[in-house]
Structure formats: structure tokens, C-alpha cells
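Colleague: Residue numbers (the numbering used here), protein chains in the order written: chain A, 23 to 546; chain B, 30 to 157.
The set of hints was computed from the structure by calculation and includes no laboratory data.
Even for Gly, the Cβ is constructed at its ideal location relative to N, Cα and C.
Calculated from the model, a selection of chain A residues having no Cβ within reach of chain B, i.e. all distances over 12 Å:
| hint | residue |
| --- | --- |
| 1 | A85 |
| 2 | Y90 |
| 3 | Q360 |
| 4 | E365 |
| 5 | N390 |
| 6 | T483 |
| 7 | K537 |
DSS-like mimics (lysine-lysine), calculated; alpha carbons at most 30 Å apart, straight line:
| hint | chain 1 | residue 1 | chain 2 | residue 2 |
| --- | --- | --- | --- | --- |
| 8 | B | K107 | B | K149 |
| 9 | A | K447 | B | K135 |
| 10 | B | K107 | A | K387 |
| 11 | A | K450 | B | K83 |
| 12 | A | K447 | B | K107 |
| 13 | A | K146 | A | K374 |
| 14 | A | K374 | B | K149 |
| 15 | B | K132 | A | K447 |
| 16 | B | K92 | A | K450 |
| 17 | A | K451 | B | K60 |
| 18 | A | K171 | B | K60 |
| 19 | B | K83 | A | K451 |
| 20 | B | K60 | A | K447 |
| 21 | A | K451 | B | K61 |
| 22 | A | K447 | B | K92 |
| 23 | A | K447 | B | K83 |
| 24 | B | K83 | A | K387 |
| 25 | B | K149 | A | K447 |
| 26 | B | K132 | A | K450 |
| 27 | A | K451 | B | K92 |
| 28 | A | K450 | B | K107 |
| 29 | B | K60 | A | K450 |
| 30 | A | K450 | B | K149 |
| 31 | B | K107 | A | K171 |
| 32 | B | K107 | B | K69 |
| 33 | B | K149 | A | K387 |
| 34 | A | K171 | B | K149 |
Covered stretches of chain B (in silico footprint by chain A; criterion: 3 or more residues with CB under 8 Å from a CB of chain A, positions within the stretch not fixed):
| hint | segment |
| --- | --- |
| 35 | 125 to 135 |
| 36 | 143 to 155 |
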Amino acid sequence: MKSKKWMSHYPKKDSITKIASFCLLLFIGIIVARCAKDRLVSDSGGIKTLSVNSPDLKTRLDAIKDSYEKQKLQQKLQPDQSDKLSWNPDWEHPHIQVVNDSVSYVFYQLLAQVVVKGKAEVAKQVNGKLYLMVKNESEFYKAFYYDPKADPNEKIGKNTKEFDLKLFTGNLILSSLQNGQNYILDYSNGRLSDSYQKKGVLAVKKMQSVKGTTSYWQQECNQVVRNCTYSSLAPSWCGGIVNIVFSATCSWPQSTCGDTYSLVDSDEGVVCEDRWFPDPPEPIDTGGGSGGSGDGTTTTTPEEFNQHINLDELSPCASSVMHSLMYQTEGSVVAMIQKISGEVPGYSWTLKAGNLAVDTNGETKKSNGGATTTIDVSKYTNGTDMALARTLLHEAVHAYLVSYFTKNNTLANLSYPEMLVEWIKLEKKDMNVLHHIEITTEFKSDIAKGLMEYGDLHNYTFSSTVEKNQFYSDMAWGGLEATPAYKALSNTEKNRIQDTIQAEQYGKDRNGDPKAGKGKPSGC
Amino acid sequence: MIIMKKQIFSLSMVLIILFGCTLNRYGRYTKKKFKTKNDKVIVIGTIYRRNKSKEILPGAGIKSADTGQLILSDRDGKYRIELQEGEYRIHATAVGFESTSTKPFKLVNGDSIVVDFILKEVPSVFVD
Numbered sequence: 023m024k025s026k027k028w029m030s031h032y033p034k035k036d037s038i039t040k041i042a043s044f045c046l047l048l049f050i051g052i053i054v055a056r057c058a059k060d061r062l063v064s065d066s067g068g069i070k071t072l073s074v075n076s077p078d079l080k081t082r083l084d085a086i087k088d089s090y091e092k093q094k095l096q097q098k099l100q101p102d103q104s105d106k107l108s109w110n111p112d113w114e115h116p117h118i119q120v121v122n123d124s125v126s127y128v129f130y131q132l133l134a135q136v137v138v139k140g141k142a143e144v145a146k147q148v149n150g151k152l153y154l155m156v157k158n159e160s161e162f163y164k165a166f167y168y169d170p171k172a173d174p175n176e177k178i179g180k181n182t183k184e185f186d187l188k189l190f191t192g193n194l195i196l197s198s199l200q201n202g203q204n205y206i207l208d209y210s211n212g213r214l215s216d217s218y219q220k221k222g223v224l225a226v227k228k229m230q231s232v233k234g235t236t237s238y239w240q241q242e243c244n245q246v247v248r249n250c251t252y253s254s255l256a257p258s259w260c261g262g263i264v265n266i267v268f269s270a271t272c273s274w275p276q277s278t279c280g281d282t283y284s285l286v287d288s289d290e291g292v293v294c295e296d297r298w299f300p301d302p303p304e305p306i307d308t309g310g311g312s313g314g315s316g317d318g319t320t321t322t323t324p325e326e327f328n329q330h331i332n333l334d335e336l337s338p339c340a341s342s343v344m345h346s347l348m349y350q351t352e353g354s355v356v357a358m359i360q361k362i363s364g365e366v367p368g369y370s371w372t373l374k375a376g377n378l379a380v381d382t383n384g385e386t387k388k389s390n391g392g393a394t395t396t397i398d399v400s401k402y403t404n405g406t407d408m409a410l411a412r413t414l415l416h417e418a419v420h421a422y423l424v425s426y427f428t429k430n431n432t433l434a435n436l437s438y439p440e441m442l443v444e445w446i447k448l449e450k451k452d453m454n455v456l457h458h459i460e461i462t463t464e465f466k467s468d469i470a471k472g473l474m475e476y477g478d479l480h481n482y483t484f485s486s487t488v489e490k491n492q493f494y495s496d497m498a499w500g501g502l503e504a505t506p507a508y509k510a511l512s513n514t515e516k517n518r519i520q521d522t523i524q525a526e527q528y529g530k531d532r533n534g535d536p537k538a539g540k541g542k543p544s545g546c
Numbered sequence: 030m031i032i033m034k035k036q037i038f039s040l041s042m043v044l045i046i047l048f049g050c051t052l053n054r055y056g057r058y059t060k061k062k063f064k065t066k067n068d069k070v071i072v073i074g075t076i077y078r079r080n081k082s083k084e085i086l087p088g089a090g091i092k093s094a095d096t097g098q099l100i101l102s103d104r105d106g107k108y109r110i111e112l113q114e115g116e117y118r119i120h121a122t123a124v125g126f127e128s129t130s131t132k133p134f135k136l137v138n139g140d141s142i143v144v145d146f147i148l149k150e151v152p153s154v155f156v157d
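Using the sequences and the hints given, assemble the complete structure.
Modeller: As C-alpha cells, this is what we get:
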């Protein structure tokens, strides 16, 4: 029986052996295939990552262009609402960057060409900018940089600047032209945001924790993103060229120049916010023709800070004073901001002339990318340039606090905890009150210093150093009369301060008696 | 009968949601409670801006009115407070944002509470 049993097992054993052999062969096959794949990968690794220093740069860039044309990707960029607008890659000006030593990116700006009266015009891109992004010379994406916080009610005028990627803060939507996948990346001050980088670290960790995992995303978070593109489709009457305005909220642009806007394109796609885009690119360096690899660190120089101050819409009388304040040495606007901020911040500040309430000389509001200040120059008709300088420096501090401090409060100012304590104390939460408290404690002496340098440069005369110091210190109190620090001053001090401020602004003391200011007539 | 049961269920769900996510005039907060083996009372959470993208808000101040302890949310908008057993209200605010407070709640050792705040920005004009 036993032998029979053994005999009867023999065929089974045979089949087991066959299966085992088959598995072994399969295993060997897999190993061989794997080795072959590795060899392929290692061979492809022999081709050096494309960079600005690649000896065959031109050939490889030409190959990218050929591949783009062969795949007919141009069609995927065309707007769906209008045939008057077309997007064309600026092949002549590639921006190249290398990430993690092994991944190359080539960016070509997509130029918006609008047909106006049968002629193609290149439009200015407002609130966002489009690029064609090529990853590793083979993956093509439409790269849309935009500021999701752009004010939809901001009017578009001749001074509206083209979207600037310098110290880019906002989102980048990458839409694959080949497989339709969308990715959203967020940047802050020219760097990938910390939260996005953390997502990346987490994704890598998860990938490592499960063998054989090649990709991972921690949370599918489907979100419909709408992006509308509007075109003025004709040059505006106040000058300039045709504008292309992007709006993440599909708000119709408003114009100060009489031109009307038409919807030319709209995207509605599902974007997974938490999907990790491997080796994400750094923001594009728009400084030169071909960008470098970039380490993500960007600094603003005092010159660049001043370039971000827009005086185009300010009256000449105020503009000349402001110009002087900008280019002083120790008491310049940038020096004052740098001292408190510890760095030169990269926000933009627009100054313009306008009518304000009876008791208001200047008014600052938060705007896209920074702050906008309105100066009512009619308040200085009988005043001096010193009165204007005082208001301008005061508003410069508001502009800094509103655009930079509130945006990144933990980084911007070392006195933030004290400011928070003051804020908590306020029964009615009013930022204007808080700013003024902050100015009395942190900026008042710097405003006085800036005014003193302005006075010295414009040959103001004083009988003594004591009088001089007193004068500038008193001037710096302007606009701070509602603060606890001012209220705590003696009546004698308050009267002296008001006599000084009003003499400069109105040529009268607080009783209405004529009193000449130290400065020169404002010319407003 | 089945329809009535469904209605009661829907109503209960609405009530649960209303209790779970309390709204007030200036902002919002959500509260979740966990029991742990820890012998402390821990309150953690994240502070957000009340806007479309619900951005995190670093540097917000979180305070328990009962202890007076003021701490700041970190760069990721997160905070952590350790408390003793007792009844607490948690306040959150940030410069430029309205204050938001929770309703009083009782905590015993082992309670771990997650309170996320969504703060509303104060509209501001700055004048000279």
C-alpha cells in the first residue's frame, strides 16, 4: 500500500517540480528583464542632464521644439472661447534650470498674440503668466503662474504692470499637455512653500515604507479650478498695448482706460492639490535669457526696492519730494524699512494723487503685491515740501506694515509679539490704530531721522542743534495724535508739536495765526 | 414610519453638525475631542485665514482666558497648549484679524482636544 501510495504521489511530485521549475524560470526571467531595465536606465543616465552648460544645448533645444511640433501640442494651448488670441512659445528665450542635479526644466514664455484689425499684437499678461514647461526634454506642461489673492476689483490702467515672477508668491498650475494630469504647487517669496516641501518629504517616506511603490500621493483632494482669461482685444485709449488679464475667480476685469474686455479662454479642471509633483521646479529666473539652476534664495537690493515704488500717478510736487526721500543715504525709505525688517522686502508700492476726506492727507490700502497710497496734494497748497515729506514717510511705514508685515508676520518683525499684545488690548479691532501705536514705538525716531536728512539736503537752517532735533522730532508726531504715547505728552509739548506741524502744512499755527514753515513752498 | 425615522435621523445629523462646528460673528472654530492615556490635558490645532484657499496663519495668538497663557501659532499655523483639568475658553486672534473664542468646555486628564480656528481679516484703511 505504501509503495502504491508512493507510486501514486509520483505524478504529483512531477507536476510540483514542473511548477517549481516554471516559477524559477519566471523568476530568472524577471531578474534578467529587471537587469536589462536597469541597464537601460543606467545607459540613459549616461546622457547628461540638460543645463545651460551642456555642449549640445542648441541641438537638444531644437529637439524639444521638434517633439512639440510632432506631437501637435500647439493645438492644446489654444483658447476655447476666441480665435483672436493664440499662445506661442517664445522659442528664442528659454529659461533652463536643473533640480536635484538630475532633472532638467526648460521654460518658454507663452506669448499672447491678439489679432487687432488684422494685425497680431503681443499682449501684456496681468495677474498671471503662462509658460510652456518641458521636464527632462520629454514631458510638456502648460505652466500657469498666478496670484490667487489678486484683487478682482483692481482696475486695469496704463500703469498696471505685467505679472512679475520676482519673489513669486502664489500658485503654479502644471497641466500636462500629454496626459491631461494637473498639479498645483504653491510658492512663497520665490521659494516652494514650506507646506508643499513637507508634503514632498511625506510622500517620499511613504514611498520608502512600501516596497515597490513608485508613486504616492497622500490625499486625493479633487478641486475644480476655474481660470478665466480676458483680453481687451484692442489697445486702450490711455496708451499701452493690449492686455490679457487672468482671473482665478473669473471676475470680469475693470478698466480705467475705457476699453472693454472679452472672455477668450476658460479652464475648468480637476486638480488634486496634494498630489506630489516630483522634483518641483524653482520659480523662473526672468533676469536673463537663460536661467541658471538657482538655489531658491533671492534677495531684494535697495535699488530693486526703489524700482518697485511707482510714482507715475503722483503729482509732480509730491513726486519730487518722494524721489528725494527714496535716494537719501541713512534716512531713505528703504533704509528705514530695512532697519526694522532686517532685510529689504520685495513688495510693490504705488503712490497716486487723489481727493480724500477733509481731515485726511494720505491714505494707504493693501493692493495686489503690496500697497497703494493716495496723497491729497490739495492739502499742501499753502504748505511746504517738509509737510509732504512727513506724510510720505508716514505712509511709507503704513505701506510696509500693510503689505509685508501682515503677510508674513512671524518673519517680518521682531516686535510682533508685543504688537499682538497691543492688538489683543484693543477693544475695537482697528489696524490703523495699531499701526500708529507701532509707529510711535518702532518708527518715529527713524521718520525724524529721514526728515532731518531731507532738510539737510535741502539746506534748512536752524539756530541750534537742539532746535533742529526738536523740530524733526515734533514733525514725526504728525498723524500719531490719537496714540496713547501722544496723549501722554504734556499740553505744552502737544501745543509746540501742533504749531510746528500746522506751520509746515498750512503756514499757520494751531490758533490760525500766520507762521512760516521751515521748508520751501510745496508747489502743489 | 420609515420616512419619520429618516427625518429624525436627518435632523439629528444637522444638530450634530451644528454642535460640532460652531459659528460666531467674527470667525469659526471646529472642535474634536479624543481620550488618551496621557495624564495631561492637551489642546492642539491649526489657525487658518478665512478666505477661499483657507491659508494657514502663522503668528496667531492663542490664549486660554482662564490661565492667561498666550502662545503663538508656528510657521505651519499650528499650536499646542497643555492645561490642567478644568473649564476653559480658548481665544484666537492675529494682528489684523478679529478675535474668535470657543464656548466654555470642561476638560479632564486624558482629554486631548483639537480646536482649529478660521479667523476673519479686519478690513483696513490707513490714514495720516
